[in-house]
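A.B. asks: Okay, here's what each chain looks like letter by letter:
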Amino acid sequence: MAKRSFLIPGVDKRLLIKDSIKTMPDVTRRRFIAGGASLGALTLLTGCDVVDSSSADALLAKISKFNDAVQDFIFNPDALAPTFSESEITKPFPFNAYYDLDDAPEVDGDAWKLEVRGLVDNKKSWTLPELTKLPQVTQITRHICVEGWSAIGSWTGTPLRDFLKLIGADTRAKYVWFQCADKDGYNSPLDMRTALHPQTQMTFKYAGETLPRAYGFPMKIRVPTKLGFKNPKYVVSMEVTNEYKGGYWEDQGYNSFSGS
Amino acid sequence: MSSLATVDEHVSATPAKTIQPVWVRVMHWTNAVAMVLMILSGWQIYNASPLFGFSFPREYTLGGWLGGGLLWHFAAMWLLMINGLAYLVTGFASGRFRKKLLPITPSGVLHDVRAALTFKLSHDDLSVYNYVQRALYAGIILVGVLIVLSGLSMWKPVQLYYLVKLFGDYPTARYVHFFCMAAICAFLVIHVLLALLVPKSLRAMIIGR
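Taken in order, these protein sequences are the chains called L and P. Position one of the first sequence corresponds to residue 1 (our numbering), numbered consecutively onward. Position one of the second sequence corresponds to residue 1 (our numbering), numbered consecutively onward.
All the given hints hold, so there is nothing to weed out.
Label-pair restraints from in silico Cβ distances:
1) P:I141 with L:D121: 55 to 61 Å
2) L:T83 with P:S201: 48 to 54 Å
3) P:K99 with L:D57: 40 to 46 Å
4) L:I89 with P:L202: 50 to 56 Å
Some chain L residues well away from chain P (every beta-carbon gap over 10 Å; in silico):
5) A69
6) F93
7) E106
8) G118
9) P129
10) V137
11) D162
12) G185
13) R213
14) A214
For lysine-lysine, the following DSSO-like pairs were computed, each having C-alpha atoms within a straight-line distance of at most 30 Å:
15) P:K156 with L:K165
16) P:K165 with L:K65
17) L:K245 with P:K156
18) P:K156 with L:K205
19) P:K156 with L:K174
20) L:K91 with P:K165
21) L:K62 with P:K156
22) L:K183 with L:K123
23) L:K91 with P:K156
Keep in mind the hints are simulated off the structure, nothing from the lab. Each residue gets a CB set at the ideal place from its N, CA and C atoms; glycine is no exception.
Let the sequences and hints guide you as you build the complete structure.
C.D. replies: Next comes the structure, spelled out in structure tokens:
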């Protein structure tokens, strides 16, 4: 690796990256370094193009929107994700986030309340004991990460569609938008058809035990017809809305529908 | 006799004999662009969660990070699939696959491999594929079909569940997808090398003659 390449004449690529890292705010820096600190990633973050790629980016964003429509079109609300036997469960089920487990949100289950907003008849907040009194079902399904790996896990909780019915949600609305307790404010929109899918679940237990902190205590939304990043953990509120409010990863470029 | 008749037709239709018809050339180069985009963005995606104990050098990946790689991959896939499908349909309907790629016999392939390795393989008539070419081209078409099917399985493992079944399960489809990529890369190296060794074949793929 003795060879140095100069994309901008006279500017060393590696020095440019090093200097840029120093000027980044903390969160950006961590994400950038985690992303491999390449010139490509720098271009993506800054929007300052070494090679003019803004038109390519705009085209890619358009195609991603088109892919949202294609996925919505082929989504079959009755198609169930394959289920597995207990012996097929991946052990240990991986913890995965953009932070270490030590930095995962620590939610006080006694103080926690699920806030309900938007196009619903009953906007009362729900405590954990109130929620866990609702009828629960268990599913053993494959969690597929946007990175490509997958793992089989066992989740227990209330079908989201039952809860939406209970609170009198307008199920003609376009999205259910979740907000989480993660630092940096994790959030993610879920299209209504997927929210009403029979396997989409408000999850309170993993492998029969109270959902551990690693997997999203006190509540995660298990969506076996979506990639992992659209399965929000540490959920604090849900909003039924017609407005597309974006999401933590969706805003950074992951395909918004990301259905499986 | 029938092959002589076809040649005669060609000669009378065009003054210089066309080796590669225009649809083959257009689809070939479209596929070349789509394939390179798919491979480089695919390496970016692979690096997010490597299947084996290595990663691809970042300099040879597309998109800058996983999200960018995915955007490229799921954009270029349309180019690859639409062009590939058009190629398969035209290849079968026009009779080109049957005429150019068949028959493929083991003895023929063995004979021509030996001839190729001792540089005795004739390239006088580029319109007739030797057995090495037939085996490689037919093989890579099959790999192309397989990589699209395994890719679709990974993209929509719930909606296209029957496709996943074809490979066994989701993780297996992922391995199949990887090894198809490896096969295409190996093909690409040999293909480019041979085209450079026989430059008039490259010319035929560009200007047709």
